Structure formats: C-alpha cells, structure tokens
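K.L.:
Residue numbers (the UniProt record's numbering), protein chains in the order written: chain W, 1 to 306; chain G, 1 to 602.
If you're looking for bench data, these hints aren't it; they were derived computationally from the structure.
Just so we're clear, the structure is a prediction, and the values are computed from it rather than from any experiment.
Every residue gets a Cβ at the ideal spot worked out from N, C-alpha and C, and that includes glycine.
Accuracy of the hints is not assured; some may be wrong.
Covered stretches of chain W (chain G as the covering partner; in silico rule of three or more C-beta atoms under 8 angstroms from a C-beta of chain G) [stated by the list, open to error]:
| hint | stretch |
| --- | --- |
| 1 | 81-88 |
| 2 | 190-204 |
| 3 | 265-277 |
| 4 | 298-304 |
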Amino acid sequence: MIAYLTRRLIQSALILLGVSLITFALLYLLPADPVRQIAGRSTTPQTVESIRQQLGLDQPFVIQYWRYLTNLVSGDLGRSYIQRSEVSELIVARLPASLLLMVGAIVCEVIIGLTMGLVAAVRRGTATDQALMVGSFVGVSAPQFVVGLLLLYVFAVRLGWFPIGGYGTWRHLVLPSLTLGILGAGWYSRMMRSSMIDVLRQDYIRTARAKGLARRAILFRHALPNAILPVVAMIGIDIGLFMGGIVVVESVFGWPGIGQLAWQAIQRVDIPIIMGVTLVSACAIVLGNLLADIVAPFIDPRIKLR
Amino acid sequence: MTAAGMKERPGASATGRKTEGGPVLRVAGLTVSVRGEEGERPVVSDLSFSLARGETLCIAGESGSGKSMTSLAIMALLPQPAARTSAGSIRLGDTELTDLDDRRMRRIRGNRIAMIFQEPMTSLNPVLSIGRQLIEAIETHTGLSLTEARNLAIDALKAVRIPEAESRLKQYPHELSGGMRQRVMIAMALALKPDVLIADEPTTALDVTVQGEVLELLRDLQRRNGTSVILITHDMGVVAEMADRVIVMRNGCMVEEGKVADIFERPRVEYTRELLAAVPRMGTGSGRQNFRKAIENTKSTAVAVARDLHVRFDLRGGFFGRVTRRVHAVEGVSFSIAPNETLSLVGESGCGKSTTAKALAGLVPYIGELSIGGRNLSGLSRDGRKAVRRDVQMIFQDPYASLDPRMRVGDLVAEPLLIHNIGTPRERTDRVATLFERVGLSADQMERYPHEFSGGQRQRICIARALALRPKLIIADESVSALDVSVQARVLQLLKELQREFGVAYLFISHDMAVVENISDRVAVMYLGQIVEMGTRDQIFANPRHPYTRRLIEAVPVPDPARRRSGFSRLDQEIASATYKIGEAPHRLVLTDVGNGHLVAT
Numbered sequence: 001m002i003a004y005l006t007r008r009l010i011q012s013a014l015i016l017l018g019v020s021l022i023t024f025a026l027l028y029l030l031p032a033d034p035v036r037q038i039a040g041r042s043t044t045p046q047t048v049e050s051i052r053q054q055l056g057l058d059q060p061f062v063i064q065y066w067r068y069l070t071n072l073v074s075g076d077l078g079r080s081y082i083q084r085s086e087v088s089e090l091i092v093a094r095l096p097a098s099l100l101l102m103v104g105a106i107v108c109e110v111i112i113g114l115t116m117g118l119v120a121a122v123r124r125g126t127a128t129d130q131a132l133m134v135g136s137f138v139g140v141s142a143p144q145f146v147v148g149l150l151l152l153y154v155f156a157v158r159l160g161w162f163p164i165g166g167y168g169t170w171r172h173l174v175l176p177s178l179t180l181g182i183l184g185a186g187w188y189s190r191m192m193r194s195s196m197i198d199v200l201r202q203d204y205i206r207t208a209r210a211k212g213l214a215r216r217a218i219l220f221r222h223a224l225p226n227a228i229l230p231v232v233a234m235i236g237i238d239i240g241l242f243m244g245g246i247v248v249v250e251s252v253f254g255w256p257g258i259g260q261l262a263w264q265a266i267q268r269v270d271i272p273i274i275m276g277v278t279l280v281s282a283c284a285i286v287l288g289n290l291l292a293d294i295v296a297p298f299i300d301p302r303i304k305l306r
Numbered sequence: 001m002t003a004a005g006m007k008e009r010p011g012a013s014a015t016g017r018k019t020e021g022g023p024v025l026r027v028a029g030l031t032v033s034v035r036g037e038e039g040e041r042p043v044v045s046d047l048s049f050s051l052a053r054g055e056t057l058c059i060a061g062e063s064g065s066g067k068s069m070t071s072l073a074i075m076a077l078l079p080q081p082a083a084r085t086s087a088g089s090i091r092l093g094d095t096e097l098t099d100l101d102d103r104r105m106r107r108i109r110g111n112r113i114a115m116i117f118q119e120p121m122t123s124l125n126p127v128l129s130i131g132r133q134l135i136e137a138i139e140t141h142t143g144l145s146l147t148e149a150r151n152l153a154i155d156a157l158k159a160v161r162i163p164e165a166e167s168r169l170k171q172y173p174h175e176l177s178g179g180m181r182q183r184v185m186i187a188m189a190l191a192l193k194p195d196v197l198i199a200d201e202p203t204t205a206l207d208v209t210v211q212g213e214v215l216e217l218l219r220d221l222q223r224r225n226g227t228s229v230i231l232i233t234h235d236m237g238v239v240a241e242m243a244d245r246v247i248v249m250r251n252g253c254m255v256e257e258g259k260v261a262d263i264f265e266r267p268r269v270e271y272t273r274e275l276l277a278a279v280p281r282m283g284t285g286s287g288r289q290n291f292r293k294a295i296e297n298t299k300s301t302a303v304a305v306a307r308d309l310h311v312r313f314d315l316r317g318g319f320f321g322r323v324t325r326r327v328h329a330v331e332g333v334s335f336s337i338a339p340n341e342t343l344s345l346v347g348e349s350g351c352g353k354s355t356t357a358k359a360l361a362g363l364v365p366y367i368g369e370l371s372i373g374g375r376n377l378s379g380l381s382r383d384g385r386k387a388v389r390r391d392v393q394m395i396f397q398d399p400y401a402s403l404d405p406r407m408r409v410g411d412l413v414a415e416p417l418l419i420h421n422i423g424t425p426r427e428r429t430d431r432v433a434t435l436f437e438r439v440g441l442s443a444d445q446m447e448r449y450p451h452e453f454s455g456g457q458r459q460r461i462c463i464a465r466a467l468a469l470r471p472k473l474i475i476a477d478e479s480v481s482a483l484d485v486s487v488q489a490r491v492l493q494l495l496k497e498l499q500r501e502f503g504v505a506y507l508f509i510s511h512d513m514a515v516v517e518n519i520s521d522r523v524a525v526m527y528l529g530q531i532v533e534m535g536t537r538d539q540i541f542a543n544p545r546h547p548y549t550r551r552l553i554e555a556v557p558v559p560d561p562a563r564r565r566s567g568f569s570r571l572d573q574e575i576a577s578a579t580y581k582i583g584e585a586p587h588r589l590v591l592t593d594v595g596n597g598h599l600v601a602t
C-alpha cells in the first residue's frame, strides 16, 4: 500500500510537471502581451520595456520556465501582475469556496444520478424508465449557463426560495451546486442504469433470489456494490470536468471561488494567476483519481493496488 | 401458520422430521410458456412427476429440452417478464406453490427448496465474503443470532469438507477454485436442510476429478439429511452414477420416465436409445488402432514438432512493477504429430493444454523449438510466419462466440482465403460451397448469418473455415465440449471422415476422457504444464502407468448404473499452482520409455 502510494505520488508529480510545462508554453506563445495590459495604452515604449525587464518577460522561454519551476518547488507561485499580491494567497483565500461548491455538486450528482439510474434500471422498459432517461438526456445536453440562469429565474426570482447570488449560508450553496451537479447527474444516471441492468442479469443475483432474500437486500446488498464501481472511477475523472464548469457557474452566481479568479485573470492575461489556478486544478484532478483508485478495493475485493 | 413457520429449525436431526409416506414434491400438468416474437410458445408442456423423500430424480435431456425451465418454474425464478408458468400445479407437501405470492414464495426458496447452479465461478457475489453470503442465507429464514448463524455456517462448510472452514468465512469467491466455490454453493443450499435440492448441471463446469468429488459429496449429504434431489444434467454418466429415477425430456415434453436401471437397460422410446447410443464411452475406440498401425511418426515427416517448449507469463508487482513471479504454464513439453494422426492433450483446467496449442498457432510467445511442416517457426520472417500459419488452423470451444455475428457465414469461411490472397472471388465462392457441402451444410446456406444456425451447425461452419486453407494441422481446442451428445457424436464422426479424406493431423484438446479415447491415436496427459504420460491410445487407456492418468480415467462417470462406484478417492487439498517466484522453477519431470514408445514420468 505504501509502495503503491509512493509510486502514484511520484507519477502525480510528473503529471503536474507536464501540465506546468504545457500551460507555461501555451501562455508564452499567446499573442496577447501581459505587459501592455499592465502598462495601459498610453505608456511610452521605454516604460513598457522596463516593466518587461522587471517581470523577467524579456528572458528566453527556458530561463523563464526554469525560474518559475524553482520558485514553485519552494512553494512560491509568483505575484499577480494586476492585483499585486501573492498568487498563493489569492488562491488559498478562494479555494475553500470552490471546494465547498465542488462537494455540494458531487453530493447533488451522486444523489440525483444514482437514484435516477437505480430506479430506471429496476423499472426498465416502463414509462418511468423512459421519463428518467429523457430527463438525464436533458441534463447532459443543457449548457451550464442556461441551467444556471433557469434555476436562478425559477427558484430565486419567481419563487424566492434561494438568494440570487453570493456566498455565506447553505441557501447560497444550493443553486450553484445543482447547476454544476445536473450535468454529472445526467451522466451518472445513464452509467448507473446500464451498469445496474448488467449486474441484475448476473448469476449471483439469481443465487441471491434462490436463497429467498428480500428484494431490497438483493438490490442494495448484492447489486449496488457491484454496479457502483464504474461510477466511482468516473467521480475521480469528473473533478476535471468541474474545473471547466466552475468558471461559468461561479460567474453566474457571483461565487467567490478560484473559477472567478481564473476568469478575471484570463481577461487580463495575468499569467501567474492562470498558472496557479491551472496547477491547483490539475492537483485536484490527480488527487481525485488517486482517491477513486484507493476507494475501489474497499468496494471490490478482487481489485488489488500494486 | 406460514410455510416457514411449519418448518423445523435446523439442528434437528433428519430422523426427527415428519416422515409421511407421500411424495415431497408433486408436479402435475406443468406448462411453462415464453413470450417471443411470434407470441407465446410453450417450452415445457404438460409435465408431471413426483419426488419421494430421500429420492434422487434425474431430469436428462439435451439443450432446449426444457429441463432448466422446469427447475426455475419450481423455484418461481423464471426469467421475468418473458417466461411464466401458464398451467399446472406444483405442490410442496401440502403447499401449492403456484398460488403463492412473491413474499410467501421467498420463505420457501432457500429454506424448503434450495438450488445450486451450473457456473460456480459466477454464482457467488464477487464483492461479498463467503461468510457473509452463507450467514445471510441462514439469517433470512431463521431467527438465529449472528453467532449462532455463524456457527451454523461453519458447520455447513465442514459438512461439504472444506478445510479450515472457519478462516474461509473471511475469504472472497475469487480466492477459491471452481470446485471449492461449488462446495460453498452446496453448503449454502444445504445449511438449512431443505426438503428438496434442485441441482442444475452442478458439475458440468468442473474438472472431471472435481466432478467425482462433488457428486460423491452430494450423495453423502443426501443420505445423511434425507434430502430429495432433482438433478438436472445432460451427462448420462452422471445420471447413471446418481439417479434413482430418470425423466428423459425432449422439446419440453417428457419422453420417458423410469427407474435408472430400466432406462439404461430397457429404454422403451427410440429417442432414449439414440441418446444413450450417442454417449461417448470409454473402451469403445480400439477398432481404430489397427487402421492406424501403418502410420509411423518419424521426425522427417512430422507435421508439427515441439521440442522442450516453454511458455511463461510474467506477473508484476512491487515498487517499480518489476517481474516478481512467473506462471510456468508450459514447462519443457515435447511431442510430434504425424500427418493423418490425432494427438490428444488431456488434463484439467490450468494444466497448460490450451497454452501449448496457442504457442503452436503462434498466438503466445514461447521458448524452445516449434516446427510446422519441417520449418522452424523462430527463424522466420513476417511473411514466412504467415505462410506457415496457413498450415495450422484452429477450431475453438464456443461456436457462438467464434463467429462474427455481423458477417455472412459464407464470407466467414472465405475469409482465410482472402487473407492469404488465394483464388479469384469466383473460385473462392466455389471452394466455400464445396466445403459447406462437405461438412454437411448446403451451399445455399452461405448467405445466412451465424444466429440462424444451431450450435452443432455453427461448429460445422468453424470446421469448414479451418479447412478452407487445406491446413496440415488443425488444433481443436475443446471443440465438441459445448455440444449436446448426439451433436457431439456427429461432429466427431465428421472430424474423423475429414481426416481420412484430407490427411490432416489433429491436435485435439479435451478434458473429456471418453471423447479423447474415441478420437485419438496418441494421447499426452498434462499436469501443471508438463507431460506426465504419453503413448498410444491403448497404452494410455488400457495400461495407464502414472497415478494422475489413472485418477483422470477413474473419475469419468460410467454411463452404466450397474457399474456405479461406491466411493471416490478424495482429494481435499487444492490443486497445486504453476506460479513460482523468480529464480524458482518447477521440478522437471523425466519421461522414461516403458516399452513401445509409452512414456511415463518418474
């Protein structure tokens, strides 16, 4: 187990290194000039050049990247060009809000998705099944900003059950989590349905029935743990999808997370923040996958970590 | 009082149960219908029988005879919603089962009627421990505490002779062999001492020596508990070994019923006679040997030669995923096959017989020397290997899985010709048509798809495909194992005819000793990757020298109730493994000639 974890962590570090290199290279190749953004339009070329020198942006790519990397190892993500404060502080201040949103979204999609999939599988071929699958299709295909605005309009503006935006209480959390979760719920319900249908056909389910077990015991004790495995693996991958969604959803709901930070940084070509947010997201994806892999043997004893 | 309440709690001795004279189970006019595209059609019609206490009733028949549907109907486990019991009555004691709702039926299932299934590998839930699955079965039907249920579960495991029963409770199904799993299934079924046990092909998926043990175990437990058993099987050897009475079914109807001795000695119905005639029996293949005497397998003419063949699979582990252990699947195997000859490889699952065949067909990497038609495989270029591969073709076990369902069967048979660029389209079609007729199909069936054929016909298509390139050697890997006996007999006959006609050699791989005796010229017995005995068919079957060979031959159930064995030598430990740590290797067996080329490991 320890050997496995060590190996996986080393692998993760290599992945992050790769991500940092690619992101850094892309930002370097970007035609937008960060110095122009900082200096404004009416600055003399001399000032622009001195800012460029100050930030080290006149150096060749390899030197810039090496400098970034050595700072990164000592935990320094650099300073924001625009906000003039440490990127790590900016991210740390906003990370809890985003993590909270992510947890809320995972809870939403797991609860909604798995329930829908389970019911559809058990009621396979009936009107319930069809209705649920149409619902999941809508969930998968609707763009998140549309879902977000729709939920806002119905539940915040018309019904007034939840606040329109902001951060602070659990009521603030509901609509953004739902918006993020609906997409995943659509996927999960489909996956859960097909996985469950497959499991319910297995010989060991017939054995369980032959033992005289009650329907509920068969479903929850025998079928569910077998059916849920592919979904668990999916949750790990899903954290990556969240990162894309979080940028949109945080903007729609005015949620003070790293998604908003990233959005602002992209508009102003604030390279250190973009790099920082990308690396943090990559970390989240890598850890999410690792977590899913570590959980798997607890569900299925046939899986061994090595 | 509910059905469950009437039942005595386990723990009471079998003799303490009420022993009224009437039958335990009475089935009358049972009809099971399945809804299909053309409406509802009966798969079991008007079936009536009764089962006395302590009796073993065998329901025998070929696939599609409705024997499994009958058992599922008794358990009310018919596949929903397509199948249903459309008429008839099933009475367990005084309870009419067809009237019960699901809740009340649940109290009967697993409690008064228990069932074991064919596939021990898939019949246990992979994510729950053995103990959990056993205890849950007990708790469902009794008010026992967890400790009491656990003790009962341990007793049940001991009763099926599972060593170290207590520690097994924590194990998961994948940690046990097929035979062990089937014992767990039996323990689960018999833990609550049911009145009736339905065993649906309980030993079909097991190795022959394990089959012997499991059958013996069933018989022993039945004697001790007075359980009535319905044994469903296609294997007349198993019927002869186990049955008191026999029902022969065909197309959903009972064709004959009677005492086991009567069925085997005085079958009244033509179908029963045919069924019994088709059963491969040991000691019937000797006429063939004389015809074969002429063949001398000298090295120069051999179709295929294996010399010191090794196949090993690496298992990775540890920090950097280095190779830590190795499966020695094939270890120093040498043999040669002459033209027109059939060499059989026999042995139990995991002995390396299929891996040997795969190496010969170029499907797995190997160490050692393999030559086909005098050409050594290892020194060949890509094109050279392709050319050699023309000479070796394979027929697999499962005729359903080995034909692409989206291709017409004519194209499937023509495909090898296409791959090797042989003939014009016109010539290919003609050749395929000839092949179709030769294997007993008609040329106008070429346009059809695999699903339109029966299992036996599909295997004929596979044979035609293997023959298309006029190979020198055909590897038949368990090619008749999945077929019903009557179909099996005809396919074996066809293989023999084709051999006479085309002079092709066969490497015939099988676990079925009776089939092997029927078709082979020479036999090699494999155990844990090595050949333990090799010789002519007569040498092996009439004079088996190695204890493992003897064990294999003894384990085959004889389709004759008069020759029923009283007991079967038990092997309570698990079969050894062919996996070794790096640096360790299995002990190499040395084969000695005990006369006339009869090689035995010493």
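K.L.:
For every hint, state whether the structure bears it out.
P.N.:
Hints versus structure:
1. 81-88: This one is violated; 0 residues, fewer than the three required, reach chain G with a Cβ under 8 angstroms.
2. 190-204: The restraint on the stretch 190-204 of chain W holds, since 3 of its residues have a Cβ under 8 angstroms from chain G and three suffice.
3. 265-277: Since three or more residues must qualify, the claim that chain G covers the stretch 265-277 of chain W is violated, with 0 doing so at under 8 angstroms.
4. 298-304: holds (count 4)
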